[in-house]
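Trainee: Sequence:
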Amino acid sequence: MGLVAATLCGLPQAYAAKIPLQGASGFDEFVRVQFDQQLGRTRVAGRVASHLCFSLALQQEWRATAGGMETRLKSVLSNAELEVSLRPADELRGMPQADLASRDAALLQQGYESLLGRPAQSVSLVSLSPVTTRWSATWVDAHLPSGPLTVEAFIVPLSDDWVLELSFSNIAVKEEYDALVRSLLAGLKVHQGPVCGSQTAF
23 MGLVAATLCG
33 LPQAYAAKIP
43 LQGASGFDEF
53 VRVQFDQQLG
63 RTRVAGRVAS
73 HLCFSLALQQ
83 EWRATAGGME
93 TRLKSVLSNA
103 ELEVSLRPAD
113 ELRGMPQADL
123 ASRDAALLQQ
133 GYESLLGRPA
143 QSVSLVSLSP
153 VTTRWSATWV
163 DAHLPSGPLT
173 VEAFIVPLSD
183 DWVLELSFSN
193 IAVKEEYDAL
203 VRSLLAGLKV
213 HQGPVCGSQT
223 AF
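Residue numbers for the sequence shown follow the numbering used here, beginning at 23 and rising by one.
It is worth saying that the hints were derived from the structure and are not from the lab.
Derived lysine to aspartate or glutamate pairs resembling EDC-like cross-links, with alpha carbons at most 20 Å apart: (1) Lys96 to Glu174; (2) Lys96 to Asp58; (3) Lys211 to Asp58; (4) Lys96 to Glu197; (5) Lys196 to Glu105; (6) Lys96 to Glu83; (7) Lys196 to Glu174; (8) Lys211 to Asp182; (9) Lys211 to Asp183.
All of these numbers come straight from a predicted model, not from anything done at the bench.
Generate coordinates for the entire structure from the input sequences, incorporating the hints supplied.
Mentor: Encoded structure:
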């Protein structure tokens, strides 16, 4: 798997990092992660191209590492992680589904089914907003080491060329997971236009 414009400049920079996205559009792409100590919130802004960017917000402090088309955010206060991934739409062109989000969900499911060696027993694909779709799949099998397994990802088609995938992990308490999802979806925005080309927008 692999990633809006609330500007991040002007916030107290208790923690800030720029994470390069390798192999994107050739523009000076990056993800910036910034913790606002006063608000107790981490803002994340990512630029895919000079005209295309996104942002999101998470409660508490999160820090980032990156590799290739993926950025992984780790909570400072717990083991929770958020994977922020970009997928080129070219990878989805062989899928028969009608739209980018559905094609991306199908490819995610294929990947997990290949990894686990069996089809999912339950699959859900729900449109949560005009820009976000939630995909989840569950495997119920006594041979799985951890018992029943459910995976979930939030899919955001950024343009005809790029899809953003967001997924949490290492969260054992449902209430904590639900709160993080609410925070993520409430602050998730996609922007197109000149604002994305400005260094000051990040």
